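Chemist: This is what each chain is made of:
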Amino acid sequence: AQTVTQSQPEMSVQEAETVTLSCTYDTSENNYYLFWYKQPPSRQMILVIRQEAYKQQNATENRFSVNFQKAAKSFSLKISDSQLGDTAMYFCAFMIYNQGGKLIFGQGTELSVKP
Amino acid sequence: EAGVAQSPRYKIIEKRQSVAFWCNPISGHATLYWYQQILGQGPKLLIQFQNNGVVDDSQLPKDRFSAERLKGVDSTLKIQPAKLEDSAVYLCASSLGPPSYEQYFGPGTRLTVT
Chain A
52 AQTVTQSQPE
62 MSVQEAETVT
72 LSCTYDTSEN
82 NYYLFWYKQP
92 PSRQMILVIR
102 QEAYKQQNAT
112 ENRFSVNFQK
122 AAKSFSLKIS
132 DSQLGDTAMY
142 FCAFMIYNQG
152 GKLIFGQGTE
162 LSVKP
Chain B
10 EAGVAQSPRY
20 KIIEKRQSVA
30 FWCNPISGHA
40 TLYWYQQILG
50 QGPKLLIQFQ
60 NNGVVDDSQL
70 PKDRFSAERL
80 KGVDSTLKIQ
90 PAKLEDSAVY
100 LCASSLGPPS
110 YEQYFGPGTR
120 LTVT
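Taken in sequence, the protein lines are chains A and B. Going letter by letter, the first sequence gives residues 52 to 166 in our numbering. Going letter by letter, the second sequence gives residues 10 to 123 in our numbering.
For the record, the hints were derived by calculation from the structure and aren't laboratory data. This one's a predicted model, so the numbers in the text were calculated from it and none came from an experiment. Glycine included, C-beta positions come from ideal geometry on N, C-alpha and C. It is possible that some hints are incorrect.
Taking beta-carbon pairs under 8 Å as the criterion, some of the chain A residues facing chain B (in silico) [unchecked claim]: (1) S93; (2) R94; (3) M96; (4) F115; (5) F119; (6) T138; (7) F142; (8) M146; (9) G151; (10) G152; (11) K153; (12) L154; (13) G157; (14) Q158; (15) G159.
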């Protein structure tokens, strides 16, 4: 069975600084996707960034980038130049490739960006 | 493009009552998912539809939960009878399907069972 673990229940960062959220996962599969989702107080789950396991290059989306370490089964999210609007719950999630799209989520990290 | 719509946004019921949630996916999305998100936890998949057929309902408590997707579009999730532990946010998501199954989520329905 696949599991996703986020060991940081809460984090805070000053506006304009950089913060890294941690995620580890466990699987015996070789082909899968990893995701970071953002869930603000409005509850709308928004995709932040996606990484295909077969790609060695780390994904980046503007201020968001990941550090994907396949051998270590680690998938951390780095947010640069943090903004007040980044305040939200962040969930790491795992999906086996081409098996229906079931997402397995971690417990979440609550990020607060302080002015 | 319109997103995933859900209603109601909030619902408060007493235990042993019944409740139903509605989801309208993004037009053209064949795959629809219902997730349960208990406070302080990540979402957990309850059921997945491909068009109007069930793909995965392994974590759906079938003694009290039921779901259907008529004509492969809208879906309803029902709980009967509700228990206190069913208090959660119920999220609906949809996707085009393979290979990436990228999911788009609705705003969710917050259920409180008293």
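Chemist: Please go over all the hints and tell whether each is borne out by the structure.
Modeler: Cross-check of the supplied hints:
For S93(A), the shortest C-beta to C-beta distance to chain B is roughly 7 Å, which falls under 8 Å, so the interface hint holds. Given the 8 Å rule on beta carbons, the hint for R94(A) holds: about 4 Å separates it from the nearest Cβ of chain B. Evaluation of the M96(A) hint against chain B yields a held restraint, the C-beta minimum of about 4 Å falling below 8 Å. Checking F115(A) against chain B by beta carbon gives a least distance of about 16 Å; that is not within 8 Å, so the hint is violated.
At a threshold of 8 Å, the smallest CB-CB gap from F119(A) to chain B is about 16 Å, leaving the interface hint violated. The beta carbon of T138(A) comes no nearer than 17 Å to any beta carbon in chain B, farther than 8 Å, and the hint placing it at the interface is violated. Contact between F142(A) and chain B, as hinted, is supported at the beta carbon level, the nearest pair being about 5 Å apart and thus within 8 Å. The beta carbon of M146(A) comes within 7 Å of a beta carbon in chain B, closer than 8 Å, and the hint placing it at the interface holds.
Restraint check, G151(A) versus chain B: the minimum CB separation of about 5 Å is within 8 Å; hint holds. Annotation: G152(A) was flagged as interfacial toward chain B, and the flag holds, the nearest CB pair being 3 Å apart, inside 8 Å. The restraint placing K153(A) at the interface with chain B holds, with a minimum CB-CB distance near 5 Å, inside the 8 Å limit. Proximity of L154(A) to chain B holds as hinted, the smallest CB-CB distance being about 7 Å (cut-off 8 Å).
Checking G157(A) against chain B by beta carbon gives a least distance of about 5 Å; that is within 8 Å, so the hint holds. Restraint check, Q158(A) versus chain B: the minimum CB separation of about 6 Å is within 8 Å; hint holds. With its C-beta approaching chain B no nearer than about 5 Å, G159(A) sits inside the 8 Å limit, and its interface hint holds.
Violated hints, in rising order: 4, 5 and 6; the structure is consistent with all others.
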